[in-house]
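*Asks:* Spelled out from the first residue to the last, the chains are:
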Amino acid sequence: MRRTAGLVALAALPVAVLSVFFVLPVSGMVARGFWPEGTFDPGQVLDVLGRPRTHRVLWFTLWTSTAATAIAVLFGLPAAYALHRLAFPLRGLVRALLLVPFVLPTVVVGVAFRELLGEGGPLGFLGWDGTPAAILAGLVFFNTAVVIRTVGATWESLDPRPAEAAAALGAGPWTVFRTVTLPALRPAVVSAASVVFLFCATAFGVVLTLGGVRYASVETEIYLLTTNLFDLSAAAALSLLQLLVVTLLLALSARLRATPDGAVARGVSRPRPLFPRRAARRPGPPAYGDVLAALSTLLLLLLVAAPIVTLIVGSLQRSGGGGWTLDNYQALGGTGEHDALLAPAIDALVTSLRTAVDATWMALLLGGLVALVVTRRSHSRSERRIRGVLDGFFMLPLGVSAVTLGFGFLITLGPLRSSPLLVPIAQALVALPLVVRTLVPVLGGIDDRQRQAAASLGAGPLRTALVVDLPIVWKPLLAAAGFCFAVSLGEFGATSFLARAEEPTLPVVIFQLIGHPGAMNYQMALAASVVLAAATTVVMLLVERLRVPSAGAM
Amino acid sequence: MRFAAPTDPTPGFFRPLRITLAATAAGLALASCSVIGGGGEDDSGSDAAASGSPESAGGKVVLVTHGSFNLGEDLIADFERETGYELVVQAAGDGGTLTNKLALTAGDPPGDVALGVDNTFASRALEEGVFAEYTPAQRPDGVAAYDLPGDDGSHLTPVDTGNVCVNLDTAWFTDQGLPRPSTLDDLTDPAYRDLFVTPGAATSSPGMAFLLATIAEYGEDGWQDYWTDLLDNGAKLVDGWEDAYYTDFTQGGGNGQRPIVLSYDSSPAFTIGKDGSSTTEALLDTCFAQVEYAGVLDGAENEEGARALVDFLLTDEVQAALPDLMYVYPVSDTVDLPKAWAEHAPRAEDPHTLDPAEIEDNRETWLREWSDLTTR
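Protein sequences appear in the order of chains A and B.
The opening residue of the first sequence carries number 0 in numbering that gives the first Met the number 0; numbering runs sequentially from there.
The opening residue of the second sequence carries number 0 in numbering that gives the first Met the number 0; numbering runs sequentially from there.
Watch out, some of these pointers could steer you wrong.
[Claimed, not checked] Covered by chain A, per the in silico footprint, the following chain B stretches (three or more residues, Cβ under 8 Å):
1. 234-242
2. 363-371
[To be verified] The following residues of chain A were derived to be distant from chain B, with all beta-carbon distances above 10 Å:
3. Ala8
4. Val110
5. Thr226
By construction, these hints were calculated from the structure, which means they are not laboratory data.
Just so we're clear, the structure is a prediction, and the values are computed from it rather than from any experiment.
By construction, the Cβ of each residue, glycine as well, lies at the ideal position given by its N, Cα and C atoms.
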């Protein structure tokens, strides 16, 4: 009884927050669709589901998201290995750099990608501009970081001894990977893949910008239906469809995530040097597989770097052509050409950082609680089922249209809707699933007998968490914190909808600059994007530094 | 041995302590820079913004507007000094998002005044009962010409206007020795194949204006064929105006390859070359007129303040500043245009227009047809 009461208490806060800030707004908007003129009329909603256009849109969303997820995992796995299991110079910097795409505002990435892929760009010969190939490239660009982070955090805390034992027994590297490492990683890979799929399926800017408005996904269709056609019934139908697909996906991934033998041993392993010194235990050239992983990471780095370099070069050009300059960066202290901004761009950076701090602690607090509740050993079938449902429940915000959520806030939150806290809360909701998905595989992998041992030695629940869970979960927790921070820094959709004009965040400012005439404003927007990317990189590097000395020390 | 503790030389009882210390230190560092911890006191935001705090003399006026709205610090300070109200700006989304935001919250609005509902969306807002009746006592000469037909200034006050027009890179056409196109028809001429880029109607308000221009020109049954021809002739569709202008247009500053772009009739004033003349030109026969309106929201908490703000938007001070701030023309005849505009951006005298009631009745049908025509 006390057990259950304790779990309910832990789950109460996250559930309450998600109910008020997600379930209520979304159901408010969907209800508008079902009660178009105040009377219940589900006919219109059902009618939409039968339209051929709806099927086309759904199919396009499904196949692009699936393909993009597969590519992101293919690129992400070797990189996660290289960046979390191998030691090489500048490893921390490379890790931080690979996360940068994740925070860049879509509008800027759109411009950068199109400068590259467009008719006059260096990659223009590919003819990708305005095709699904460009959309896929954009989705992969944004989301590979999710795979690297989520899988990397687990890989790092994976006990290396089973693999070593297998190798000692004569298994080749590929066999070891296939039979020992991959099964242990499966929960993390499935977690990452499901998050990436949801991000891809609800991507908005990428599909519009890179697809040249010629392709419609469920998300862009909801936007069109809600803001331009005022067809709330149709929008509600698609929102429900989204929820349905997401729920199916989550059920599927929960099934795939379950590890065959219940728990996988966790330990803290030391990264292996990519270039072992002669004195090291394992002399000779780097292992073949390691080199392959490193090369694939290098390729990924180049792909990620190309659009970013385009941005940096643009930000250093004098407006109207003609030479290099730092003017665009100096201009960030002001309000732009023709006073394009209400406040200096530099103030927006401060607002962004502050908001990100709030969003991060909120997401960590809520996500931490959820992960704890979800991963405790269940004593009955129904208890396990409830935990499973709870786990999926917190993933839902990723799978639902930001447009629906944003308008839902407006019509259901009453006086709360003008609170400045709404922005960090909305951002925390977006980051929450990432926290849960990063922590759950690790927490779930801790052998419950360790906790039982601690408890039988007299440790209370808090102390058990401190001595058993925390040392192992510490690094993934940091990874999640960095992630939240990055999500918050880069979030544009919900923020632009909710932020007050006097206190915009940096992505909002970038959007304003890019939408105002004057070549200088455009160049300033590029400079602001570089600043945003740099801020993210610095934060990531700091987070990496923060690690407790106990982890990985000998 | 499966659950052996991680290898760690630190004696067990030190570890939690160290972690606690590190966590506390991190917590303190974070608290000092959060929104709640940092800006709480001096920031007058929070819920007071919506509920009209009694602190400032006249209370707050909340202006709801779209993402590209910009009045500038000086004008806001002037308004606050002259009227004693504090101005809070809530900006979000584009014109369509704004209108829908207002329609969904009709009667319980998120602010006191709305600015930025244009003539393509105004009828929808009126139909939903978004606006309260108000006509400023003193309207400068020229304003009445922009009143929404049917409303005639009773709810909506015109604030600014602009024409969406096809623009050309003049130098490119000179270099290529091609005669410049001048009409919508020309854009489907194979001589100008793969040269035109425009934002889409579903995602961009200038894009929508261009669609309406073609409907006005070719009629309700003719525009579909025109668009088919346009796309067959290699017209490129992009997401937003900025994407078209900066990325694809040859005079946009990037490495754009298309010398014909959809923009505004004022755009040439922003592309003055080294010799002092503009490098671009607007095709004045291809324009569609947009007018942006302001109005007091029905159910506004601060109705007095809302009226004062609508009045303020028509003062010479604001009207004269609009071109530089928001890229639009004033509606008032009593102010002068900036020099660059007068010289380089001649206005479209006879732009295409459509009856707002007709737009309201058909917008959804047209947008659906357009979407089906353009998406694959």
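*Asks:* Where does the structure disagree with the numbered hints, that is, which hint numbers, in rising order?
*Replies:* 4 and 5
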